[in-house]
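There are 2 protein chains.
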Amino acid sequence: MEAISIGLLGLGTVGSGVVKIIENHQDKLMHQVGCPIKVKKILVKDLNKERAVKIDNEKLTTDPDEILYDPEIDVIIEVMGGMKETKNYMIKALRNRKHIVTANKDLMAVHGSELLTIASENECDLFYEASVAGGIPILRSLVDGLASDRITKMMGIVNGTTNFILTKMSKHGSAYEEVLKEAQVLGYAEADPTSDVEGLDAARKMTILATLGFSMKIELDDVKVEGITRITEEDLRYGRQLGYTMKLIGIAHREGEKVDVSVQPTLLADTHPLASVQDEFNAVYVYGEAVGETMFYGPGAGSLPTATAVVSDLVGVMKNMRLGVTGKNSVTPQYKKQLKEPSEIYSKYFLRLHVRDEVGVFANITSVFSEHRVSFEKILQMPLKEKEYAEIVLVTHQASLQDYEDILVKLRDLQAVKTIESSYRVEGSANV
Amino acid sequence: MEAISIGLLGLGTVGSGVVKIIENHQDKLMHQVGCPIKVKKILVKDLNKERAVKIDNEKLTTDPDEILYDPEIDVIIEVMGGMKETKNYMIKALRNRKHIVTANKDLMAVHGSELLTIASENECDLFYEASVAGGIPILRSLVDGLASDRITKMMGIVNGTTNFILTKMSKHGSAYEEVLKEAQVLGYAEADPTSDVEGLDAARKMTILATLGFSMKIELDDVKVEGITRITEEDLRYGRQLGYTMKLIGIAHREGEKVDVSVQPTLLADTHPLASVQDEFNAVYVYGEAVGETMFYGPGAGSLPTATAVVSDLVGVMKNMRLGVTGKNSVTPQYKKQLKEPSEIYSKYFLRLHVRDEVGVFANITSVFSEHRVSFEKILQMPLKEKEYAEIVLVTHQASLQDYEDILVKLRDLQAVKTIESSYRVEGSANV
Chain C
27 MEAISIGLLG LGTVGSGVVK IIENHQDKLM HQVGCPIKVK KILVKDLNKE
77 RAVKIDNEKL TTDPDEILYD PEIDVIIEVM GGMKETKNYM IKALRNRKHI
127 VTANKDLMAV HGSELLTIAS ENECDLFYEA SVAGGIPILR SLVDGLASDR
177 ITKMMGIVNG TTNFILTKMS KHGSAYEEVL KEAQVLGYAE ADPTSDVEGL
227 DAARKMTILA TLGFSMKIEL DDVKVEGITR ITEEDLRYGR QLGYTMKLIG
277 IAHREGEKVD VSVQPTLLAD THPLASVQDE FNAVYVYGEA VGETMFYGPG
327 AGSLPTATAV VSDLVGVMKN MRLGVTGKNS VTPQYKKQLK EPSEIYSKYF
377 LRLHVRDEVG VFANITSVFS EHRVSFEKIL QMPLKEKEYA EIVLVTHQAS
427 LQDYEDILVK LRDLQAVKTI ESSYRVEGSA NV
Chain A
27 MEAISIGLLG LGTVGSGVVK IIENHQDKLM HQVGCPIKVK KILVKDLNKE
77 RAVKIDNEKL TTDPDEILYD PEIDVIIEVM GGMKETKNYM IKALRNRKHI
127 VTANKDLMAV HGSELLTIAS ENECDLFYEA SVAGGIPILR SLVDGLASDR
177 ITKMMGIVNG TTNFILTKMS KHGSAYEEVL KEAQVLGYAE ADPTSDVEGL
227 DAARKMTILA TLGFSMKIEL DDVKVEGITR ITEEDLRYGR QLGYTMKLIG
277 IAHREGEKVD VSVQPTLLAD THPLASVQDE FNAVYVYGEA VGETMFYGPG
327 AGSLPTATAV VSDLVGVMKN MRLGVTGKNS VTPQYKKQLK EPSEIYSKYF
377 LRLHVRDEVG VFANITSVFS EHRVSFEKIL QMPLKEKEYA EIVLVTHQAS
427 LQDYEDILVK LRDLQAVKTI ESSYRVEGSA NV
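Line by line, the protein sequences are chains C and A.
So for the first sequence, my numbering puts the first residue at 27; every next one is plus one.
So for the second sequence, my numbering puts the first residue at 27; every next one is plus one.
No lab work stands behind these hints: they were computed from the structure.
Remember, predicted model here, so these are calculated numbers, not experimental data.
A portion of the hints provided could be inaccurate.
[What the hints assert, rightly or not] Sample of chain A residues with no beta-carbon within 12 Å of chain C, all distances over it, derived:
{"#": "1", "residue": "Lys-85"}
{"#": "2", "residue": "Ser-241"}
{"#": "3", "residue": "Leu-246"}
{"#": "4", "residue": "Asp-248"}
{"#": "5", "residue": "Thr-332"}
{"#": "6", "residue": "Asp-383"}
{"#": "7", "residue": "Glu-384"}
{"#": "8", "residue": "Gly-386"}
{"#": "9", "residue": "Val-435"}
{"#": "10", "residue": "Arg-438"}
[Claimed, not checked] Computed cross-link-like contacts, DSS-like style, restricted to lysine-lysine with a CA-CA straight-line distance of at most 27 Å:
{"#": "11", "chain 1": "C", "residue 1": "Lys-243", "chain 2": "A", "residue 2": "Lys-354"}
{"#": "12", "chain 1": "C", "residue 1": "Lys-362", "chain 2": "C", "residue 2": "Lys-284"}
{"#": "13", "chain 1": "A", "residue 1": "Lys-80", "chain 2": "C", "residue 2": "Lys-54"}
{"#": "14", "chain 1": "C", "residue 1": "Lys-64", "chain 2": "A", "residue 2": "Lys-354"}
{"#": "15", "chain 1": "A", "residue 1": "Lys-404", "chain 2": "C", "residue 2": "Lys-197"}
{"#": "16", "chain 1": "A", "residue 1": "Lys-64", "chain 2": "C", "residue 2": "Lys-354"}
{"#": "17", "chain 1": "C", "residue 1": "Lys-362", "chain 2": "A", "residue 2": "Lys-46"}
{"#": "18", "chain 1": "A", "residue 1": "Lys-436", "chain 2": "C", "residue 2": "Lys-54"}
{"#": "19", "chain 1": "C", "residue 1": "Lys-284", "chain 2": "A", "residue 2": "Lys-46"}
{"#": "20", "chain 1": "A", "residue 1": "Lys-404", "chain 2": "C", "residue 2": "Lys-179"}
{"#": "21", "chain 1": "C", "residue 1": "Lys-354", "chain 2": "A", "residue 2": "Lys-404"}
{"#": "22", "chain 1": "A", "residue 1": "Lys-411", "chain 2": "A", "residue 2": "Lys-366"}
{"#": "23", "chain 1": "A", "residue 1": "Lys-404", "chain 2": "C", "residue 2": "Lys-54"}
{"#": "24", "chain 1": "A", "residue 1": "Lys-436", "chain 2": "A", "residue 2": "Lys-411"}
{"#": "25", "chain 1": "A", "residue 1": "Lys-54", "chain 2": "C", "residue 2": "Lys-362"}
{"#": "26", "chain 1": "A", "residue 1": "Lys-54", "chain 2": "C", "residue 2": "Lys-284"}
Yeah, the Cβ is synthetic: ideal placement off N, Cα and C, and Gly gets one too.
Based on the provided sequences and hints, a complete structural model is requested.
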C-alpha cells in the first residue's frame with residue numbers, strides 16, 4: 027500500500043498534537059498499518075499565525091474544499107471544533123468517501139447518530155474516541171472490551187476543569203471564584219468558563235457514553251445538568267467531615283428498560299474509586315452485570331493525550347481500509363429510549379438548612395421527610411452566629427427524586443426554615 | 027448468517043460463566059453479531075459431576091476430537107487451563123480452521139507467539155484478553171486504544187490473591203500465614219498457593235503485557251520474580267509510617283531500546299493511583315510518551331468477570347468472521363528484544379537492618395553507600411529489645427541494581443551488621 031494521505035481540519039492544541047505524534051511515532055504507525063502516513067493539507071483560519079509545530083507553509087489552506095474534494099486524501103481528521111459549519115464539512119467529506127476521525131464532542135453529542143448513518147451509507151468509518159475523556163480509550167472499552175456484558179451504570183469525572191477546581195477547593199479550603207481565576211491563569215479553564223463550570227461539557231460527554239453504553243439514542247436534552255458555581259467551602263467541609271468528597275459526576279443509570287442521565291455536583295463516598303481522581307484527571311467508572319466494577323483513568327484533555335486518541339482512531343481506520351471493511355463497525359442502537367420518571371430515580375441526598383433555633387422546629391422538619399417515608403443516614407445540628415438560628419445538615423437514605431423535590435417545596439413553606447443553603451446528590455456509603 | 031456453533035474446552039469456574047453470559051445476554055450478542063450463538067459441545071473430565079450451570083447432558087463429552095474435528099464448530103473457547111495437552115488441542119483446532127478464544131495465561135506467556143503464528147497461517151483469530159487481569163480490557167487498550175503511542179512503562183497489580191493478602195495484612199496488621207489461611211477459606215487462594223504467592227502467575231501476565239506493549243518478544247525467563255512470602259508486619263508498618271503501601275507490582279520499563287521486566291513486592295507511594303487498589307482487584311497503570319498516565323481497574327478473576335472478557339473476544343471473532351477478515355489482527359513484534367543490564371536498571375530501595383549499637387557503626391554503613399554514590403531519601407534508627415542492637419531503616423534515592431547488589435554484599439560482610447532483615451523496591455515519592 028502506498029502512503030495514506032490525510033487532511034486536517036484545524037491546527038490548534040489537538041491538531042498540533044496530531045502532527046507531532048504522526049511525526050514522532052511514524053515507525054510504530056508504519057509497522058501497524060503497513061504504509062507511511064502523510065499529512066497533505068491542513069485547514070487553518072490564518073495562514074500567518076505562529077504555530078506550535080513546524081509546518082511547511084504550502085500544506086496550509088484557508089479553503090476547506092481543497093481538503094474535502096481532494097481525491098488523494100483518504101482520511102480527514104476534524105479537530106477544529108464548532109457545530110454547523112463543521113457538520114457541513116463532515117457531511118461533504120463523507121459523501122466524498124473520506125473517512126473521518128473527530129474529537130468534536132459537541133457535534134457528536136448532538137448530531138452523532140445522523141453523521142454515523144451518513145458514514146455507514148457511504149461505507150466510511152467515523153471514529154470519535156477523542157471526544158470523551160481525552161486519552162482514555164473508554165469508547166472502545168464500552169463497545170469492544172465489554173461487548174458481551176450488560177452495562178447498568180456509568181459514572182464519569184469527564185470534565186478536567188471542574189475536577190481541577192473542586193480538587194483545589196477541597197485541598198486548600200479556597201473559594202470557587204479564587205480557584206477559577208487560578209485555573210484560568212494555568213490554562214485549565216477558558217476565559218469564558220461557562221460550558222465547563224455549568225456542566226454542559228460533561229453533559230455532552232455523558233450523552234455519548236450513555237448512547238453507546240446503553241445502546242439507546244440518548245439526546246443532550248435528556249440529561250439533567252447542574253454546574254459547580256454554587257458550591258461553597260462550607261459544603262466541602264461538611265462533606266469531608268461526613269466522609270464524602272465533592273465531585274462533578276455524570277451518572278447514567280439503567281434499571282430494567284429505563285434509564286436516566288444527569289450531571290450534578292455529587293458528594294461521593296471517600297471509599298469510591300472515583301473519589302481519588304485528582305486535579306485535571308478524568309475517569310469513567312463502569313458497572314456491568316457480569317464484569318462488576320471497572321474504572322478507566324487518565325488525562326481528559328491536553329494536546330498530546332487527546333491526539334493519542336485521534337491517531338489511534340486513525341490507525342483503526344487504516345487497518346479497516348487495508349482489510350476493505352470500512353463503514354461496518356458502527357452498531358445502531360438496539361433499544362428504544364425510555365427515560366425514568368422522577369418517581370423512579372433514586373438517590374441519597376445531602377441538605378443544609380438554616381432554621382429558627384426554637385422548640386419543635388426539628389420535629390417539624392423531620393416530619394416532612396417521614397410523610398414521604400424518607401429516613402436519615404446522618405444528622406448534624408450546629409449553632410449559627412446569629413443566635414436565633416441554627417444550621418442543620420441532613421444526609422438521607424435513598425429517596426425518589428419526586429419525593430425529594432416535594433420535600434424541598436414543603437420545607438421552603440415552613441416558617442421555621444429560613445433558607446435552604448445547599449442540596450446535593452450523595453453516592454456511596456461513607457465509612458465515617 | 028445462521029447460528030454460530032462454538033465448542034468449549036472446560037466447564038469449570040470460567041467455563042460456567044461463559045455459558046451463563048451467552049444465555050443471559052443472547053439478545054445483546056445477537057444484535058452485535060447478527061446471529062444466535064449456540065454452545066454445541068463441551069469437553070469435560072467427568073460426565074457426571076455436578077455443575078454450576080444447567081447443561082443438557084448430550085452436550086458434554088470426554089473426547090476432545092468431538093469438538094476439534096466437528097466441521098460445524100467455528101470457534102473454540104479454551105477455558106480448561108493446562109499446558110502441553112491444551113497446546114496440542116489448540117494447534118489441532120487452528121489447523122482445522124477453528125478460531126480460538128482462550129483465558130490461558132500460562133500457555134500464552136510461554137507459547138503465545140508460536141500459537142499466534144499458527145493462527146495467522148491458518149487465517150484464524152486467536153484472542154486472549156481474559157488471560158491478563160480478568161474483566162479489564164487491557165490488551166485491547168494497549169493494542170488499539172493506545173495504538174499511536176509509544177508505551178514506556180507498565181505497572182500492574184495483576185494477581186488478585188496476593189493483593190487480597192497484602193491488603194488484609196496492611197489493614198489489620200495480621201501475619202502472612204494467618205491471612206493466607208483466610209484467603210484459602212474464602213476461595214481467593216488455592217490449596218497450593220505457590221504460583222500466586224511466589225509471583226509466578228503475575229510474571230506470566232507481565233510477559234504477555236510487555237510483549238504487546240513494547241512490541242518485543244519477551245519470554246517468561248526474562249522476568250525477575252520475587253513473591254510475597256517473606257513480607258513481615260514490621261515492613262508494612264515502616265512502609266505506612268514513611269507514606270508507602272506494600273503491593274506485589276509487575277513493572278515493565280523501556281528506556282531507549284532496552285527493557286526490563288520484573289515482579290517484586292514494592293513499596294508504592296500512597297499518592298500513586300495503584301496504591302488505592304484494594305482486596306482482590308487488579309489494575310494496570312500504563313505510561314505512554316504522548317498520553318501520559320492512564321490506569322485500567324477492575325476485577326482480575328472470578329467466573330463472570332473473566333467470562334465477560336472471553337465472550338467479548340468471541341464477539342470480536344464473530345464480527346471478523348462476518349467481515350471475512352479473521353486472522354489479520356495480530357501484529358508481529360516490531361523490535362528485537364534487548365534486555366537491560368543490572369547497571370542500567372534504576373530504582374529506589376527500602377532496606378531494614380539490625381546492627382550493633384556502637385559508636386561509628388552508622389558511619390561505617392553509610393560509607394558503603396557513598397562508595398557507590400548512592401544517597402538517602404529517608405533514614406530511621408530505633409533501639410531494639412536486645413540492648414546491644416539497633417534497627418536501621420533506609421530509603422535510598424535512585425540506584426542501579428548493580429550498585430545496590432554490591433552494597434548488599436558489602437553490608438553482609440560488615441561486622442557491625444547483624445542481619446539484613448528486609449529489602450524492597452520503592453516506587454514513587456511519598457508526601458510524608
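Run the structure past the numbered hints and jot down the numbers of the failing ones, going up.
Violated hints: 2, 5, 11, 13, 18, 20, 21, 22 and 23; rest satisfied.
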